[in-house]
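2 protein chains.
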Amino acid sequence: MGPPELARHLLVVFGATGDLMQRKLLPALHSVAPVGDAPFVVVGVARQPLDEPGFRAQCVASLTSDGSVPTGDAAAWAARHLHYVSVGAGAPEDYQRLSGELERIEREEALPGNRVLYLALPAAAFPPTIEGLGSAGLHRSKGWTRLVVEKPFGRDLASARALNALVHQFFAETQVYRIDHYLGKETVQNLLVFRFANMLFESAWNRDRVDCVEITVAEDLGVEHRAGYYETAGALRDMVQNHLMQLLTLTAMAVPAQYEADQIRNEKVKVLRSLEAIRPEEAVFGQYGPGTVGAAAVPGYREEPGVNPTSTTETYVALRLKINNFRWQGVPFFLRTGKRLPTKTTYIHVHFRSPPVWFFPATSPGEITANSLRIMVQPDEGFELAIEVKKPGHEIALQTQRMHFQYSEVFGPLADAYQTLILDVMRGDQTLFVRADEVEESWRLIAPLLEHPPALRPYPAGAWGPTESTALVTPGGHHWTEG
Amino acid sequence: MGPPELARHLLVVFGATGDLMQRKLLPALHSVAPVGDAPFVVVGVARQPLDEPGFRAQCVASLTSDGSVPTGDAAAWAARHLHYVSVGAGAPEDYQRLSGELERIEREEALPGNRVLYLALPAAAFPPTIEGLGSAGLHRSKGWTRLVVEKPFGRDLASARALNALVHQFFAETQVYRIDHYLGKETVQNLLVFRFANMLFESAWNRDRVDCVEITVAEDLGVEHRAGYYETAGALRDMVQNHLMQLLTLTAMAVPAQYEADQIRNEKVKVLRSLEAIRPEEAVFGQYGPGTVGAAAVPGYREEPGVNPTSTTETYVALRLKINNFRWQGVPFFLRTGKRLPTKTTYIHVHFRSPPVWFFPATSPGEITANSLRIMVQPDEGFELAIEVKKPGHEIALQTQRMHFQYSEVFGPLADAYQTLILDVMRGDQTLFVRADEVEESWRLIAPLLEHPPALRPYPAGAWGPTESTALVTPGGHHWTEG
Numbered sequence: 001m002g003p004p005e006l007a008r009h010l011l012v013v014f015g016a017t018g019d020l021m022q023r024k025l026l027p028a029l030h031s032v033a034p035v036g037d038a039p040f041v042v043v044g045v046a047r048q049p050l051d052e053p054g055f056r057a058q059c060v061a062s063l064t065s066d067g068s069v070p071t072g073d074a075a076a077w078a079a080r081h082l083h084y085v086s087v088g089a090g091a092p093e094d095y096q097r098l099s100g101e102l103e104r105i106e107r108e109e110a111l112p113g114n115r116v117l118y119l120a121l122p123a124a125a126f127p128p129t130i131e132g133l134g135s136a137g138l139h140r141s142k143g144w145t146r147l148v149v150e151k152p153f154g155r156d157l158a159s160a161r162a163l164n165a166l167v168h169q170f171f172a173e174t175q176v177y178r179i180d181h182y183l184g185k186e187t188v189q190n191l192l193v194f195r196f197a198n199m200l201f202e203s204a205w206n207r208d209r210v211d212c213v214e215i216t217v218a219e220d221l222g223v224e225h226r227a228g229y230y231e232t233a234g235a236l237r238d239m240v241q242n243h244l245m246q247l248l249t250l251t252a253m254a255v256p257a258q259y260e261a262d263q264i265r266n267e268k269v270k271v272l273r274s275l276e277a278i279r280p281e282e283a284v285f286g287q288y289g290p291g292t293v294g295a296a297a298v299p300g301y302r303e304e305p306g307v308n309p310t311s312t313t314e315t316y317v318a319l320r321l322k323i324n325n326f327r328w329q330g331v332p333f334f335l336r337t338g339k340r341l342p343t344k345t346t347y348i349h350v351h352f353r354s355p356p357v358w359f360f361p362a363t364s365p366g367e368i369t370a371n372s373l374r375i376m377v378q379p380d381e382g383f384e385l386a387i388e389v390k391k392p393g394h395e396i397a398l399q400t401q402r403m404h405f406q407y408s409e410v411f412g413p414l415a416d417a418y419q420t421l422i423l424d425v426m427r428g429d430q431t432l433f434v435r436a437d438e439v440e441e442s443w444r445l446i447a448p449l450l451e452h453p454p455a456l457r458p459y460p461a462g463a464w465g466p467t468e469s470t471a472l473v474t475p476g477g478h479h480w481t482e483g
Numbered sequence: 484m485g486p487p488e489l490a491r492h493l494l495v496v497f498g499a500t501g502d503l504m505q506r507k508l509l510p511a512l513h514s515v516a517p518v519g520d521a522p523f524v525v526v527g528v529a530r531q532p533l534d535e536p537g538f539r540a541q542c543v544a545s546l547t548s549d550g551s552v553p554t555g556d557a558a559a560w561a562a563r564h565l566h567y568v569s570v571g572a573g574a575p576e577d578y579q580r581l582s583g584e585l586e587r588i589e590r591e592e593a594l595p596g597n598r599v600l601y602l603a604l605p606a607a608a609f610p611p612t613i614e615g616l617g618s619a620g621l622h623r624s625k626g627w628t629r630l631v632v633e634k635p636f637g638r639d640l641a642s643a644r645a646l647n648a649l650v651h652q653f654f655a656e657t658q659v660y661r662i663d664h665y666l667g668k669e670t671v672q673n674l675l676v677f678r679f680a681n682m683l684f685e686s687a688w689n690r691d692r693v694d695c696v697e698i699t700v701a702e703d704l705g706v707e708h709r710a711g712y713y714e715t716a717g718a719l720r721d722m723v724q725n726h727l728m729q730l731l732t733l734t735a736m737a738v739p740a741q742y743e744a745d746q747i748r749n750e751k752v753k754v755l756r757s758l759e760a761i762r763p764e765e766a767v768f769g770q771y772g773p774g775t776v777g778a779a780a781v782p783g784y785r786e787e788p789g790v791n792p793t794s795t796t797e798t799y800v801a802l803r804l805k806i807n808n809f810r811w812q813g814v815p816f817f818l819r820t821g822k823r824l825p826t827k828t829t830y831i832h833v834h835f836r837s838p839p840v841w842f843f844p845a846t847s848p849g850e851i852t853a854n855s856l857r858i859m860v861q862p863d864e865g866f867e868l869a870i871e872v873k874k875p876g877h878e879i880a881l882q883t884q885r886m887h888f889q890y891s892e893v894f895g896p897l898a899d900a901y902q903t904l905i906l907d908v909m910r911g912d913q914t915l916f917v918r919a920d921e922v923e924e925s926w927r928l929i930a931p932l933l934e935h936p937p938a939l940r941p942y943p944a945g946a947w948g949p950t951e952s953t954a955l956v957t958p959g960g961h962h963w964t965e966g
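So the protein lines, in turn, are chains A and L.
Per our numbering, the very first residue in the first sequence carries number 1; after that it's consecutive.
Per our numbering, the very first residue in the second sequence carries number 484; after that it's consecutive.
The shape of chain A in the complex, shown without the other chains (with noise of 0.2 Å):
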């Protein structure tokens, strides 16, 4: 048995045998009920004309891949919890069938009629996904029905308001689980509890006392086998526009009335409301060339199989952002992500002010290091918390010291992001998903970037980024963490 708080339901995913259902899901679901009785009932849905025994060998395979779990425990598993069913090429009357298999489905394994609708597709592949549930009345069922809608929600501000209303045609908001899922990280769930738990930290988490603020999403990895999609999205839309700004806004957002996931959500779109237009001289795009990332010579993106070997693709993303309300006037936002990086690391570093007198002797005001503390997001979650102490001795030298908590070292290894959403989704709980008006005011936050991208700036892989971005923090004499 599963959690017990859990209703009895349906799960049909859409797209069941592409990467994200077999690397992430399964995983996930199996996690949540390994042996015996589960709350959901699978039906993997796909173009292929696969029959149920194919579907369930497939799925076999990819939860015994790692070898976590027995392959006969995993066709069990398989045998009791999946079902298949092909819905072709998508015609209405593909979805009319689909319908009465999961009305079949429900009678057999005398379910309520609560459904999990879960799009684990490509984008193209959301609207007329949609259309055909509407078509065949699938946006309601006996019990619940709950849509979940991976990214990327749109490619614009356009296509997410024409995508937010074919969603809001058949289903009411309240049904609607957009993920983002770094929403699903532990630490990232932690931001609002360490934030307002903690009166140390949040006391100072203002224009008063901080400095700056910076949200570095890092990767050393290249485009590998996605150059088709990123070519046509960049970082931009890839990292900025979801990771970064749900992170910028867990960082910045006023404590809500209640722990309550519209109240949460609305304190994070008045972030993104009070955001001040990005100007062209607050952004700087860049795109890796040949380099060394480790200890390995790797091509530049133009070299990568599948990428135009003219591509103004952006590979690198860096913003300084202003937030124009009470809380945080003043205090820059710097946001950077890229791939071929010099590592993989995401992290969210506040930067409070220096004393603002030098009062020690025999030093020199240079010589002092503000207090900075450094959320870590991946790879390893936790906290540090940078301070200055007095190097032993009759002189008054000062040395940044690094306090540390991390979250392995004390609960072990954290749950996967995906069994964290989708175990809220079944629970009905909206808190770490992304609402239609939060995904519309990100896209309104870049659309003049996209509309009008920056000059493309050259970096060699395993350089962070390229020079211009430093130009970006000096006002101020800000600076990116090194590492």
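Hints listed in this document are in silico derivations from the structure and should not be mistaken for laboratory results.
C-beta atoms are modelled at their ideal positions from N, C-alpha and C, and glycine is treated no differently.
Check before you lean on any hint, since a few could be wrong.
Said to hold, decoys possible - Incomplete in silico selection of chain L near chain A, CB under 8 Å:
#1 T795
#2 N854
#3 I870
Claimed, not checked - Listed below are the simulated EDC-like cross-link pairs for lysine to aspartate or glutamate, each with C-alpha atoms no more than 20 Å apart in a straight line:
#4 A:K391 to L:E743
#5 L:K874 to A:D220
#6 L:K874 to A:D429
#7 A:K391 to L:E765
#8 A:K391 to L:D534
#9 A:K391 to L:D907
#10 A:K391 to L:E702
#11 L:K874 to A:E52
Fit chain L to the known structure of chain A by using the hints.
What follows is chain L alone, placed relative to chain A:
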């Protein structure tokens, strides 16, 4: 050679055959200049009719007792740097003779006439020695003259004032170095650096953000071989008037205009002057009875050798103090010290305020722990910051975690307090010494308790003091740190 900036001088130690010289000062002096020339020549002074070889032999035995200094090296060092003069009964002619001897040694050693006069004596010997020095004109020399006075400096406000008056009859305050060896501890010196170099903490270091401050100086030992002194002193005189008041003033003081001895001490005195007179219900006195410390059964105070079997000497003091200034009004400062407590530890524990509103679901308000910063003075000098983090999982449940910084992990073993302090005397830096008005203000503060001591409460050895100490802190929802 020692540190090059030290002016060559004569260091005259009164009480040179005593415990303090033999256990603390000698190793400190040796560490300043273990080989080759030293910036100082030591003249041991005591009543005993020792000759120089006899004195040097005693010092060599002390220096080599822990095995760190080879006997040959210690003997060479002693022969080169140590002299001895007996002052017999301390008659005026004895000091005249001493004066002649010092001049002779200065001539022979070609010293410029700078002198440190270090009173490593029992308190009763301070006045006659100072008078003897004055009568022989030893308060002046051809170079500078500095007077070092060990604790206890007086045994109440009247005697401290009288001693200050006597000192000032011969010495200017700028010549006087009153020792409180706690001020020589690296963490205590670091307190000011830490506070004024770390804005995250300094900006929260006030009544708006701090709930209460606890200062604990706990000893696991009993009275040991010091019953004779302790019976006339008690914990209030032995620990509170000096060490705890020093920790209190350094914790609470405002930032001085410059890092300079008198400006710092001005600010410390301001704290003492802002302290409200202690009312009887704000003090708890205790005396340990038989009990268990660690695994060992130990006798009660009245059973200790040399202690009056009906003694009413307090071995434990707890105080609730109020600082009536803009920064601290309304923030209780809890001080406690005692013998035969469960462990040897000294710390300043700053408890920040709790979040004003409990905004999380599902967890009761009682489950939140306010942030706190524990500044460890001994045995493991460093910092411990308690923060709240989210336990992994769907439920919003908090867990208190501690971030650490330990001096010894980064810097290795720290210098002994006496080494720090004797070097400061040689340098002429009064920052870490107690000024006349500081001494008097702290005696003034505890005067009501000396005149009308609160009822003496028994506690078993190995407990955290008498149960009455709990009631001292519970108003306002505070509690003593356990451990």
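Results for each hint:
1. T795: Nearest chain A Cβ about 42 Å off; hint violated.
2. N854: Since the shortest Cβ distance to chain A is 4 Å, the answer is holds.
3. I870: holds, 5 Å
4. A:K391 to L:E743: holds, 18 Å
5. L:K874 to A:D220: Given that 20 Å is the threshold and the Cα spacing comes to 30 Å, the pair is violated.
6. L:K874 to A:D429: holds, 18 Å
7. A:K391 to L:E765: With a Cα-Cα distance of about 38 Å, the restraint between K391 of chain A and E765 of chain L is violated, given a limit of 20 Å.
8. A:K391 to L:D534: Answer violated: K391 of chain A to D534 of chain L is near 42 Å, above 20 Å.
9. A:K391 to L:D907: holds, 16 Å
10. A:K391 to L:E702: violated, 27 Å
11. L:K874 to A:E52: Violated, because 40 Å separates the two Cα atoms, which is more than 20 Å.
Violated hints, in rising order: 1, 5, 7, 8, 10 and 11; the structure is consistent with all others.
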